[in-house]
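Could you build all of it, start to finish, from the sequences and the hints given here?
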Amino acid sequence: MSALPHSGEARTPAAVARVEQARLARPNGWWGMAIFVATEATLFGTIIGTYFYLRFNNLHWPPPGVPEPKVTLPLVLTGLLVLSSIPVQLAVNAASRGLLTRARVALLLALVVQAGYLGMQIHLFVHDVHEFPPSGSAYSSIYFTMLGAHHLHVFVGVLLSAWILLRTATGLTGYRMNGLRATAFYWHFVNVLALCVLGTQLSPLA
Amino acid sequence: MRSAARYLDPDFLQWFGLFGAALTWVVQLVVGFGITVARCGAANEVLGVDVKPWEITLMGVGIALALLAEAAALSVLWETRNVDYGGPAPEGRRHFFALAASIGNLLFLVIIVLSGTGAIVHEPCMQS
Amino acid sequence: MATTITEPAAQRVERLERIWVEPRGLWGWLTTTDHKRIGLLYFFTTLAFFGAGGIEALLIRTQLAQPNERVLSPETYDQLMTMHGVTMIFLFVIPISTGAFGNYLIPLMIGARDMAFPRMNALSYWLFLASGLFMYASVFMHAAPNAGWFDYVPLALKQYNPGRNIDFYALGLIFNGVSTTAAAINFIVTIFKLRAPGMSMNRMPLFCFAMLAVSLSLIFALPSLTIDLVYLELQRTLGFHFFDVAHGGDPLLWQHLFWLFGHPEVYIIILPAFGIATSIIPTFSKRKMIAFPLVALAELLVAFIGFGVWAHHMFATGLPTITLVFFAAASMMVVIPSTIQVFAWTVTVALGRPEFKTPLLFIGGFIVFFVLGGLSGIMFAAIPFDQATTDTYFVVAHFHFIIFGAAVFPILGGMYYWFPKVTGRLYNEGLAKLSFWLTFVGTAVTFFPMHILGLLGMTRRVYTYPSSLGWSAYNLSETIGAFILTAGLLLIFGNLAYSRFRGAPAGRDPFFGGTLEWATSSPPPPYNFPVIPTVRSAYPNWDAEDREADVRRLERGELVLDEGHETPASTVVDAVPDEVLEMPAESPWPLAVAVCTGLLFIMLLTQHYAVAGVFAGLALLCVAGWHAKEPVET
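Residue numbers (the numbering used here), protein chains in the order written: chain A, 1 to 206; chain B, 207 to 334; chain C, 335 to 968.
Keep in mind that the hints were calculated from the coordinates and are not lab data. Every residue gets a Cβ at the ideal spot worked out from N, C-alpha and C, and that includes glycine. Take these hints with a grain of salt, some might be off.
As the list claims (entries may be wrong) - Derived contacts from chain B toward chain A, CB cut-off under 10 Å, selection only:
#1 V236
#2 G240
#3 V243
#4 A244
#5 C246
#6 G247
#7 N250
#8 E251
#9 V252
#10 L253
#11 G254
#12 R287
In structure tokens form, the structure reads like this:
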């Protein structure tokens, strides 16, 4: 029992790799993020539930005067965002083997894609708000609430990735490794969520 | 054969026994409730929902999965029948969970049957 | 452990003391990350809100004591009865069970040195305090929420409620929800990862099973309330359309989302009481809980099934029968786990050698009110009966029997039970027994007649009633009962306050409890345990051999972890030791984040959105500051 690793004392990539090799269970930080994700997933469950509840209560959906949802651009953007999960996971795998530079490059690549996605989506959002404002109907109210909530979550993800990149500029420690694992889990959640939101957004076309 | 053995792994059986019927009930509730909202909402003119086939299917699949979960729980219970529920892991812990699961699954089975029956026999959209 | 201690062991203990002790004085309390101190902060704050809610109740009962009273205007009455509900639920019963009892006891019961996220624990408290102050600011502005604790639309919409009252409600509860979510995450990770070696899930205390059920329920229920409140604020302030039919919305959407939260909420209220009951009963019956696995299951099952019954609060709204049947079915079955528990509790007492000290008396009162309240509850599962009694005093009777009789009684009993552990002193048993009987009689006299009033047709939330309906005598006796109840409560707190300073020394384990909090000194040292206990049963304090082995391990330096602010983490299911964690010491950041968040919510209330954004940014900067120094570096 005295041979238990002290993960907080790992302050080089090699030491972190040893701790990661030896651990039996996921770190507390990962579990904290997982449960936070559970609550956010439930939040989106209620939002998507609201969408369909309102849809079932309305004969015309979207209502007259509101354009049908666009397909191509949202589809392409969402596809790119979902693909960014790959470099994010590669970053985690590299860091857990002590390969810090490789991990940071992968995370940065993902961040560029994610930030680009966010910028484009905000542009589309602002355009749509002028075309069919939320104060016009229940459709537009739930449409903008759902998309706005998702974009906010992408924004938080961008902040998390940026923070990890900043902190790992001065090296890798057990604490930062746990932060990276938690951030990666958050991104995978946001990306799966993007698919659910896109599906809901495009459902009137079915 | 290896993939079949994975499903007979005692820990898999323990977790399926514990959560299988519970999650099945959740699906029956969410989808079953959603079907009734769709059928009785303004959009039914366009959607044309037929309640009975949906609810019968949900209840049938629900009963089947709940019974499978119960079987899983009982098999773990049988395997660990000589172990005390406060005993050391993994056997003690498996016995503990299997005991709990074997009772819980019966409860979910009853809820699935009651809900499904109610949704099937009543005239859609009639109010109480 | 009062035997002589060897030199190496004494040195280790002294090192632990030096490492874990926090500064005394105000700064120590403002920057604390010690779960025991945070538990005490929650305890006294929630009691202050209990007092506020109690005064609100007494004002309501005074107004209703006689027909056609005008002690309070209708507007004031609406605010009082709304704030009574909101205060008692969100600012008293949930935070005292989770923040006070949960925080103080969980690490002790699982053999850990702190919660998994000590700084986030402090943040939960400061956010809770700020949200309570935020909501009570509305009272001082005579703009308190006034549409009932469940705030139905369309009454809550701008056209019927143009003032700030409902904005205080919506923003205040979102604020409160952030605090509670953070606390729930902390509890779950702590219970999953920080259990002592050998405490596999089948050996976890039943109190921890209850708190796990509470925390998981909060995680899955709060988002529904949060989104409902967000929709409400978006509709009120920015003209969105969720709840008005004219633009495609539906007022029932509010109710569905509210009760999707609200029903699990009531199980969240009662589960800690189950946990306290299942702690007190084995101790005073001097035997293990009968059917331990089934009691653990029942605690989790009642929370789980509770997510599927929400529309039983909507049986009278005109929903189609095929929709309602799902909820009637689940509502009937949800009583089964509670029945299992009642049998387990009573059989455990019957088969043991019960000692009827005050904590056990309160549990006795709890069982009486829980059974009666449960019986009235199950009656509502029958749709026709529910449609006749919805919104009458029959409902008010049911939930006060459950919330007061069944949720608060174990809290009061738990205060007596753990008072020796927290203060190191014994309370006065004779006075305590008297306080129990006064409280019991007061509760019965206040809330029993409400069943009859409900069946006679008295509706909820009315600020007065005519004298010709035959309701007057019942109302008057309820008011008298409320004052008897108040006397009982004052006697409880008076007894505890007096005994805090003049009580006899309690020692480590005055009641011979079976769980680990009784294995350490009273009060516990800052580091909880000088050596991390190893556990081989669900009642480790009754395993004398293991506790003696702890002493020997202290001497050998095994699992003492005195090289820093350390506690071990283990695997989730079987508690196999996995790593040693370095925990953070005191920090000013949680308080800073809470202050920024409070300012953010004030700006949202006053609709200064740009300034709100600035405060949000400041809060994020504080979070960055929080994570800038790793625990190992402090």
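Hint check results:
{"no.": "1", "hint": "V236", "in the structure": "holds (8 Å)"}
{"no.": "2", "hint": "G240", "in the structure": "holds (7 Å)"}
{"no.": "3", "hint": "V243", "in the structure": "holds (5 Å)"}
{"no.": "4", "hint": "A244", "in the structure": "holds (5 Å)"}
{"no.": "5", "hint": "C246", "in the structure": "holds (8 Å)"}
{"no.": "6", "hint": "G247", "in the structure": "holds (4 Å)"}
{"no.": "7", "hint": "N250", "in the structure": "holds (8 Å)"}
{"no.": "8", "hint": "E251", "in the structure": "holds (6 Å)"}
{"no.": "9", "hint": "V252", "in the structure": "holds (6 Å)"}
{"no.": "10", "hint": "L253", "in the structure": "holds (7 Å)"}
{"no.": "11", "hint": "G254", "in the structure": "violated (12 Å)"}
{"no.": "12", "hint": "R287", "in the structure": "violated (29 Å)"}
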